[in-house]
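Asker: So you can see what is in the structure, the chains are spelled out below.
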Amino acid sequence: MTRKLLVVVVVALYVLHQDFWFWRTAHPLVFGFIPIGLFYQACFSVAASLVMWLLVKYAWPSHLEREIESQPKEDRSA
Amino acid sequence: MIPAIVVFIYLGVVLYIGIFAFRKAAGRKKAEDYFLASRSLGPFVFLFSLFGTNMTAFAILGASGHAFSNGIVTFGLMASSSGLVIPLTIFLCGTRVWALGKKYGFMTPVQMFRDRWECNHIGTVIFTVQAVLLVPYIIIGIMGGGTTLDAVSGGFVPYWFGGAIVALVVMGYVFFGGMRGTAWVNTFQTILFLLFGTVAIIVIATGMGGFTNAVQAMANSPALAPLLTRERISPYYFFSYTFIPLSAIAFPHILIFCLTAEKMAHFKKTVIFYPLCIMAIWLPCVFLGLMANRVTDVPQIRDKQEARRVLATQGKTMAPEARDEVREKSAGDDVILLLLKRYAPLWLAGLLGAGIMAAVMASDSQILALSTMFTEDVFAHYGGKRRFGESVQVQTGRIFVVVLTLFAYAVALRAPETIFELAIQYAFSGFAALSPLIIAALFWKGSTKWGALAVTVWVATAVFAVALFQQVVPAPAPGPPTVFWSLGGTEIISRTPGGTAVYGFMPVVPMVIVSALLMFVVSKLTPKPKPATISKYFDFLNR
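As given, the protein sequences belong to chains A and B, one line each in that order.
One rule links them: number in this note's numbering = place in the first sequence (from 1) + 1050.
One rule links them: number in this note's numbering = place in the second sequence (from 1) + 163.
The hints are simulated quantities; they were obtained by calculation from the structure and are not laboratory data.
Misleading hints may appear alongside valid ones.
[Unchecked claim] Just so you have them, the derived chain A footprint on chain B, three or more residues with Cβ under 8 angstroms:
| id | stretch |
| --- | --- |
| 1 | 235–244 |
| 2 | 401–407 |
| 3 | 446–452 |
Built from N, CA and C at the ideal position, the CB exists for glycine as well.
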């Protein structure tokens, strides 16, 4: 359930990247000089970092970590 | 001249770090030590070196140059989309590649593909295509070095000499330090260019008397107001760009870097902080590139603005060659350097120039990756290691570093394209379209070597076709594209001022979609690897 929710969050974030609603306007200018479209995309970067934190916390492939730490390295087969 | 001296001191420090790493590794003759730093990088070095290796001249010079011509759209196009896609692919694929590398001893992606899909020469085909696509990336670094030293020294160090110095320094620390030297240098460089953005924006803002008036004036100017919005770029183009960061996980140097972490936990900070690091570098660069449009007292910037005006008003009536010449004059790859020269005190301009140089020199990882691939995927695979021993293998890798750097320098002297165009049109799109290889290898039991071959041949053909098309059909003036092929009134293939459009999208979109389809269809029709091989991977990955 958690994983499905995380997939939805990632897809939603990807969709939110296509912010056509600020396409043709510079206003409002945030802090008097940052066009709204640029400010939105900067906020998007912060949101991406938060989503990555969620992924690391709730979907980390810890089984691989455990497996590697518990087993001696095998001979290379490639 | 003072800024150039500061940059030269910086280059000396970087070279020393590489040689220090060489001394630290003295006595260690193993290929794994030279090429992967014995898979022992700690969390701090891993985060900064992995991030630094993905930031090239393209990030600082290309970003500000693109923003100078296209406005704020640059950040959404290249930075924020990368801030989502790159850490996501490192989280999904990088961790798994690391685990497989630790378990089975892989040193390159091709080694893993050969084992995963039970193939031999198909691996060599993948190696060849990866190598050919990686070379432009290396050329970018040398071109950026030449541009930076030329601009920082006020023309005292010419482009050809600056490029040669950068090539020699990079070659030096990669040759001596291998992966350990490269990772340490990358860490030092990443810290420098993370500081660069903040300092540069404060200095230039102070010099310009704040940004509020400049932005207000741009908003009131009919010619410049569109740069504060995205109206010059179509939503199709904007959407297309989100496919480009898929290239990161297909780049061999990124995958090889994923193998260097000592522990998987080191990926956690990298994944979380990646979007913020990208923002810290790109936001100031994009904004400063935008602000360069308000600068009227720097002759070189004025010339660029004039060239852009000529292109917009007379471009349609010009011969293609003349148009390309004016377009090149209007390119803004060096605007950030010109701004620093105008507004920063001399000593600070030098330090900031060193910060830019740090980003420019990220081609080290690509050079080392190609050397690793050549020695592991070709030299060792075809019996060289067995016949001559591991010590000769490492020396072969070092010789390869020298030959490759000299070749890249020779090409950089002749390449006419701007840094940005060269990177995007060839290397990034090609690697993005190769990403189905790594995704299928790690997540789909049903994938086969024939599917992998189909993807690789398709990518090579598509990249060649796009390059050829853009050579044959000249770029039109700013405005509507030249329609090359339409069907029932719908534009299928067009030549745009910046490249090619397929059904309105960048070529990377159909390239990635066709790659994924080929992997699926061809794999369905061809025999799978032995069950033992499949379970060797998926019993472990899916446990």
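Asker: If a hint holds in the structure, say so; if it doesn't, say that too.
Answerer: Hint check results:
Restraint check on the stretch 235–244 of chain B versus chain A: 7 residues with Cβ-Cβ distances below 8 angstroms, three needed, restraint holds. Coverage of the stretch 401–407 of chain B by chain A holds in this model, with 3 residues showing a Cβ closer than 8 angstroms to a Cβ of that chain against a need of three. Using a Cβ-Cβ cut-off of 8 angstroms, 3 residues of the stretch 446–452 of chain B lie near chain A, which meets the minimum of three, so the contact claim holds.
Checked against the numbered hints above, the structure breaks none of them.
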